[in-house]
Structures are given as structure tokens and as C-alpha cells.
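Going line by line, the protein sequences match chains H and B.
The opening position of the first sequence corresponds to residue 85 in my numbering, with each subsequent residue numbered one higher.
The opening position of the second sequence corresponds to residue 533 in my numbering, with each subsequent residue numbered one higher.
Just so you know, not all the hints are guaranteed correct.
Chain H residues, not near chain B, derived (Cβ > 10 Å throughout) [unchecked claim]:
# : residue
1 : 124
2 : 127
3 : 172
4 : 174
5 : 176
Selected chain B positions facing chain H (in silico; Cβ < 7 Å) [claimed, not checked]:
# : residue
6 : 566
7 : 604
8 : 691
9 : 734
Chain H stretches covered by chain B per the calculated footprint, using a threshold of three residues with CB under 8 Å from any CB of chain B [as the list claims (entries may be wrong)]:
#  : region
10 : 95-106
11 : 128-139
12 : 160-171
Because the hints were derived from the structure by calculation, they are not lab data.
Just so it is clear, CB atoms sit at the ideal spot from N, CA and C, and this is done for glycine as well.
Residue-level listing of the chains:
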Amino acid sequence: MSSVPTVLIVDDSRLSRMMIRAFITQAHPDWTIVEASNGPEALEKAATQTVDLMTIDLNMPGMDGLTLATQLQHNHPTAHIALVTANIQESVRQRAAAAGMEFIAKPVSEDSVLACLSALENRRA
Amino acid sequence: MLNLTELQRDTITELLNIGMGRAAAALSEMVSEEVALSVPSVEVLSRRDAAVLVREKGCERIVAVLQEFSGFFWGDTMLVFPEDKSLDLVHSLIKDTFPLDIMTEMEQEALMEVGNITLNACIGSIANFLQSEVSSSLPSLLRGPCEVIFGDKNGIQVDHEVVMFLRMDFALHARDMQGCVVFLVDSDAMGMLREHIDQFLSHF
Numbered sequence: 085m086s087s088v089p090t091v092l093i094v095d096d097s098r099l100s101r102m103m104i105r106a107f108i109t110q111a112h113p114d115w116t117i118v119e120a121s122n123g124p125e126a127l128e129k130a131a132t133q134t135v136d137l138m139t140i141d142l143n144m145p146g147m148d149g150l151t152l153a154t155q156l157q158h159n160h161p162t163a164h165i166a167l168v169t170a171n172i173q174e175s176v177r178q179r180a181a182a183a184g185m186e187f188i189a190k191p192v193s194e195d196s197v198l199a200c201l202s203a204l205e206n207r208r209a
Numbered sequence: 533m534l535n536l537t538e539l540q541r542d543t544i545t546e547l548l549n550i551g552m553g554r555a556a557a558a559l560s561e562m563v564s565e566e567v568a569l570s571v572p573s574v575e576v577l578s579r580r581d582a583a584v585l586v587r588e589k590g591c592e593r594i595v596a597v598l599q600e601f602s603g604f605f606w607g608d609t610m611l612v613f614p615e616d617k618s619l620d621l622v623h624s625l626i627k628d629t630f631p632l633d634i635m636t637e638m639e640q641e642a643l644m645e646v647g648n649i650t651l652n653a654c655i656g657s658i659a660n661f662l663q664s665e666v667s668s669s670l671p672s673l674l675r676g677p678c679e680v681i682f683g684d685k686n687g688i689q690v691d692h693e694v695v696m697f698l699r700m701d702f703a704l705h706a707r708d709m710q711g712c713v714v715f716l717v718d719s720d721a722m723g724m725l726r727e728h729i730d731q732f733l734s735h736f
């Protein structure tokens with residue numbers, strides 16, 4: 085586990101990545117943030133570094149967020165993963181919970197992102 | 533006039549994604565089953581070409597619940613599904629508990645209500661996200677060929693008018709039913725939306 089956490093933000097929406105990055109950077113300017121706009125790019129970037137937290141959009145072209153998260157979980161078993169989605173149906177929440185992932189509803193807010201960061205910090209403490 | 537930067541287009545797509553997330557949750561509660569969602573799309577094209585895109589998804593004759601919305605931007609939004617599936621949706625809504633004749637009688641009312649709830653969930657969350665306000669008209673139910681419904685503006689056929697066309701498909705797999713929610717936004721309204729988006733983006 086590295087001393088400064090690395091966060092991987094995966095979302096096909098640049099807006100969404102910008103918002104999550106801004107909320108994290110405001111709270112933790114020293115954290116390393118890596119962005120990916122799709123599943124294959126995320127897998128490629130995660131393969132070469134330790135990742136402590138991943139925020140993964142569900143509804144992306146090509147590989148969906150749950151499939152991606154399952155693959156990333158396999159390679160990064162200690163990482164904290166949050167599924168970020170506008171699809172707030174109960175069935176989606178349940179799938180995220182069953183996969184051991186946090187659920188963050190879009191639009192993300194400063195509060196929801198900070199709560200996710202706190203969960204990560206508690207795991208690292 | 534109808535140009536969008538990459539970031540503006542991305543933001544509009546994400547707005548639709550967020551809006552449809554809320555709409556799908558509302559629809560899912562009403563029909564007691566999961567609503568599958570596609571990736572949203574944003575295109576600038578004529579009303580006729582927009583209709584062709586929807587028709588290609590198997591919606592030649594459609595039922596559309598239409599609501600006009602107005603406020604910081606304006607336009608038409610529609611919940612669209614194939615005409616031959618409209619009664620199936622009513623079955624889902626009222627849980628098959630009524631005889632067919634009553635169901636048929638209730639069809640129009642039920643479809644307008646489902647449209648009203650899902651479209652308002654979608655429009656409302658877009659407005660909330662941009663910290664603005666929109667209001668919407670009462671829903672109306674339209675039936676007919678896709679081209680005719682999409683090309684109509686207050687009773688006049690304007691099928692060559694170029695609009696910003698937002699679309700997101702949904703499916704109820706258990707009912708073998710699919711449809712979409714679309715927005716048709718004219719160039720003036722699109723200009724206003726762009727201004728709001730730029731203002732919003734300036735915070736990041």
C-alpha cells in the first residue's frame with residue numbers, strides 16, 4: 085500500500101471525471117489521480133500501478149462498469165471500489181452491494197465523494 | 533449556430549444520462565421490474581432524420597407521450613414505444629388485475645401518467661443539476677407513424693427543421709418491450725442550454 089493513495093476515475097463522461105477529480109483534489113491535493121474513459125483504458129492504466137480507490141461508471145460504451153469492476157477487483161483485491169451511476173434502481177444497488185462495491189448516485193456531490201474517501205481512509209487506518 | 537464543443541456535448545450527454553437514471557427508477561417502480569438503459573446519444577439533425585433513427589429501432593408506428601417544457605431552455609420531450617406494445621405496458625402498470633375491456637379503457641390515462649412521471653423525473657433532474665428550473669405542459673398522447681409525430685410542431689409539419697436530438701433507449705426485458713425517451717430542442721433553446729452549461733462548467 086503506497087503512502088499517498090492513488091485514485092482511478094473511470095467514466096466515459098469527461099464532465100463526471102472533472103467533478104470527481106475536483107472534489108478529491110479539494111480535500112486531498114496530494115493524492116494521485118488517474119483517469120480513464122473506458123474499460124480497456126482503465127485495465128491498461130491499472131495494470132502498471134497500485135490503485136487504492138476506483139470510482140467506476142456503470143453505463144459506458146463497450147465494457148460496462150460492473151464487468152470492469154469485477155476484472156479490476158481480481159487484480160487489485162485490496163482496492164476500495166465505488167460504482168458511480170445515474171441508474172439508481174434498487175436492482176443496480178443490490179448488484180453493487182453483492183459485488184462488495186460502494187454505490188454512489190449521479191450526479192456526484194462533494195458530500196458523496198468525501199464519504200467515499202472517508203471509507204477508503206478508514207480501511208487504510 | 534448548432535455547433536457544440538466536445539465538452540458541451542459530453543455534458544449534455546451526461547445530463548441525459550442522469551435524467552434517464554431518475555426516469556428509469558420511477559418507471560421501474562411502476563412496472564415492478566428492472567429497466568435496462570442504453571448509452572445516451574446527442575445529435576444535431578433534422579426532425580425527419582431523428583424519426584428515421586427511431587424507426588430503425590423497430591418503432592414504425594409509435595405511441596408517444598409528449599410534454600412541452602419551458603424555462604432556462606425549452607423544447608419537446610417524448611416517451612416513445614411501439615404502438616403494438618402499448619397495452620403490454622398498461623398490463624405492467626396495473627399488474628394484470630383488470631379485465632381486458634377495462635384495461636383498454638384505461639390505456640390512454642395510464643400511458644399519460646407513466647409519461648408524466650418518467651418525463652418529469654428526467655427533466656426535473658436535468659434542471660436540478662444545472663440549478664435552474666423548467667416547467668412542463670400537461671402530457672398528450674400521440675399515435676401514428678414516427679415521421680409524422682416527430683415532424684409536427686403545434687400542428688404544422690416542420691420535418692426539415694434542424695434540432696438537437698437527445699435520445700436514450702430503455703428496455704423491459706421481461707415484457708420484451710423497448711422504447712426511448714427523446715428530446716427535440718430547437719436552435720434558440722440550444723443556445724440557451726449551451727450558456728447554462730458553460731456557466732456550470734466554469735465552476736470546475
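Here is what the structure says about each hint:
1. Every beta carbon of chain B lies more than 10 Å from that of residue 124 of chain H, the smallest distance being close to 16 Å; the non-interface claim holds.
2. Every Cβ of chain B is farther than 10 Å from the Cβ of residue 127 of chain H; the closest lies at roughly 19 Å, confirming the non-interface assignment.
3. Its beta-carbon lying about 5 Å from the closest one in chain B, residue 172 of chain H breaks the requirement of being farther than 10 Å from that chain.
4. The claim that residue 174 of chain H lies off the interface is violated: its Cβ sits roughly 8 Å from the closest Cβ of chain B, which falls inside the 10 Å cut-off.
5. Taking the minimum C-beta to C-beta distance to chain B, about 8 Å, the non-interface status of residue 176 of chain H is violated against the 10 Å cut.
6. With a least beta-carbon distance of about 5 Å to chain H, the hint placing residue 566 of chain B at the interface is held under the 7 Å criterion.
7. With a least beta-carbon distance of about 17 Å to chain H, the hint placing residue 604 of chain B at the interface is violated under the 7 Å criterion.
8. For the restraint placing residue 691 of chain B at the interface with chain H, the shortest Cβ-Cβ distance is roughly 29 Å, beyond the 7 Å limit, so the hint is violated.
9. For the restraint placing residue 734 of chain B at the interface with chain H, the shortest Cβ-Cβ distance is roughly 12 Å, beyond the 7 Å limit, so the hint is violated.
10. Counting residues of the region 95-106 of chain H whose beta carbon lies closer than 8 Å to any beta carbon of chain B gives 8, which meets the minimum of three for the stated coverage.
11. Against chain B, the region 128-139 of chain H contributes 0 residues with a C-beta closer than 8 Å to a partner C-beta. That does not satisfy the three-residue criterion, and the hint is violated.
12. Check result for the region 160-171 of chain H against chain B: holds, 3 residues qualifying (beta carbon to beta carbon below 8 Å, three or more required).
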